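Enquirer: Here's the letter readout for the chains.
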Amino acid sequence: MIWKHGTAILEAILLASPEPLTIRRIAEVMGLEEREARILMEDLRKQYDQPGRGLCIREMAGGYVLTTRPEYAEYVERLLQPKSRGLSHAALETLAIIAYRQPITKPEIEAIRGVKVDRVVEMLLERRLIREVGRKDAPGRPVLYGTTQEFLQYFGLRDLSELPPVSLDTSDAGLILKRREGEERSSRVG
Amino acid sequence: MEGSGALLGRPESYTVHLANFEGPLDLLLHLIRRAEINIYDIPIAQITEQYLEIIQDLSTVDIDRASEFLVMAATLLDIKSRMLLPRPPRITEELPEEEPQDPREELVRQLVAYSQYREAAEALRELEQKMARIYTRGFFCEEVQGPPPLQGLTLEDLVRAFQEVLREEWNWREVPREEIPLREKVREISFLLSRSPGGLRFRELFTRGGSRREVVVTFLALLELIRQRRAVAVQERLFGEIWIRPAGSEPEGAISAGVQGEDQTEGGAGELPAER
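Top line first, the protein sequences correspond to chains A and B. Each step along the first sequence adds one to the number in the numbering used here, with nothing skipped, and position 137 is 137. Each step along the second sequence adds one to the number in the numbering used here, with nothing skipped, and position 139 is 139.
Simulated from the structure, these hints should not be mistaken for laboratory data. This one's a predicted model, so the numbers in the text were calculated from it and none came from an experiment. Take the hints with a grain of salt, since some may be wrong.
Claimed, not checked - Restraint-style ranges between C-beta atoms, simulated for each label pair: (1) Leu192/B x Glu162/A: 32 to 40 Å; (2) Ala73/A x Glu53/B: 57 to 65 Å; (3) Ser59/B x Arg53/A: 50 to 58 Å; (4) Glu132/A x Glu122/B: 56 to 64 Å; (5) Asn38/B x Glu132/A: 50 to 58 Å.
Claimed, not checked - With a cut-off of at most 27 Å between alpha-carbon atoms, the simulated DSS-like pairs for lysine-lysine come out as follows: (6) Lys116/A x Lys80/B; (7) Lys80/B x Lys46/A; (8) Lys130/B x Lys83/A.
As the list claims (entries may be wrong) - Covered, in the sense of this in silico footprint (three residues per stretch, anywhere, with C-beta under 8 Å from a C-beta of chain B), are these stretches of chain A: (9) 65–71; (10) 89–98; (11) 136–148; (12) 151–165.
Beta carbons: idealized from backbone N, C-alpha and C, even for Gly.
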């Protein structure tokens, strides 16, 4: 059963899983060795890589997810009519700081952004993109924040090492901020 | 606008809206970028002048943000004044190799760090946009789906109806403290609901004699079921009967239940009786 219908079973549980399915979980569910589960996953991914499919398998947040192909987004949007749920500029800035500097406290984020971040942090917590990861051993024992699995899913990352490389080296001398095309602050973006 | 010579100290008449900036650092970066100057060698006098000019009208931002802009203004003025001061004559006994500290240093460090995180934020924005074109089965859907749990009535209506129940047909009697666990009550109601697909009258839930405490627990259990979206309260017309129905039994519910389901609640109301 398992070997005859392996990829079919895998396909079924992949669709049914409410969260990214890890190799370990697949092995558990199917009663396989992880090594075997990985082979099945590779087989299934190859099947999905064939042209003419609307779905593909993506690796994110430590597991595998069945997703629609971006080429057909237009049609899915017509179906679901998603509300644009993009994050505001302030939210993304704050999230970037947390993602690259975690664990980090609110005052530390504020020192970098030069503004209060209470509300943004609140919103990010609500959307479960960040979470409290502990308390800093400092006066007042401020809460430390870090990113979540949902964060990885939201940005389609396998893990934090996949964060886009950004030169965060402050010793990078000679940085000249180029004026960007079309950057006129006459209309609010975020 | 590009070619008209953005001479320092002679800002063109840009219309800059303070509300469009995330904060003082954002504004400063904008000014620096606009002037195309090296961030490590900021002509602090000009930048300060432009900054102050822009924040003249703080009325467009709320008071908290206004104070953030003002703190930066103070910092800039402080740096500017320190730049103007003659360097203290170097006393030979002091460490001669120590570089005189640039008053701008701290600010520059902050600006550089901030601009780098902004870059990072832009990188995240690109990922976000990429992901916006990819749909999964919906595990990231935070939006609550399904019909509104209170149809045609508000929570107040529900409370008012409950008050009527309390006021009217009850002969209160004091009973020795009895424990009616909420969970028990939730089960009971969902069991009743599972057997009455057409729903129950709000009042029916309370017509069985019981203590005040039980009535309260019943009401709480009902709210809990509604919150968990296992039951819906429907009032078809104003002042009409309030019906409690199992979630998904009414037509609108049936449609959206297929899309999202009730994955937050473990099992629907229907399977509870099996546990007993």
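Enquirer: Hint by hint, say whether it matches the structure.
Expert: Here is what the structure says about each hint:
1. A beta carbon spacing of about 51 Å between Leu192/B and Glu162/A contradicts the range 32 to 40 Å that was offered as a hint.
2. Taking 57 to 65 Å as the suggested C-beta distance range, the pair Ala73/A and Glu53/B does not conform, at roughly 45 Å.
3. Between Ser59/B and Arg53/A the Cβ separation comes to about 56 Å, which falls inside the hinted range of 50 to 58 Å.
4. The beta-carbon spacing between Glu132/A and Glu122/B, approximately 27 Å, falls outside the hinted interval of 56 to 64 Å.
5. Distance hint check: the CB atoms of Asn38/B and Glu132/A are about 40 Å apart, inconsistent with the given range 50 to 58 Å.
6. The suggested pairing of Lys116/A with Lys80/B holds, with an alpha-carbon distance near 25 Å, which does not exceed 27 Å.
7. At most 27 Å may separate the alpha-carbon atoms for a hinted pair to count; Lys80/B and Lys46/A exceed this at roughly 63 Å.
8. Proposed proximity of Lys130/B and Lys83/A is supported: the alpha carbons are some 16 Å apart, at most 27 Å.
9. Chain B is given as covering the stretch 65–71 of chain A, and this holds because 6 residues of the stretch bring a CB closer than 8 Å to a CB of that chain, at least three being needed.
10. With a cut-off of 8 Å between beta carbons, the stretch 89–98 of chain A has 7 residues touching chain B; three or more are needed, and the interface restraint holds.
11. Check result for the stretch 136–148 of chain A against chain B: violated, 0 residues qualifying (beta carbon to beta carbon below 8 Å, three or more required).
12. For a cut-off of 8 Å, the count of residues in the stretch 151–165 of chain A with a CB near a CB of chain B stands at 7, and the three-residue condition holds.
Hints 1, 2, 4, 5, 7 and 11 from the earlier list are contradicted by this structure; the remaining hints agree with it.
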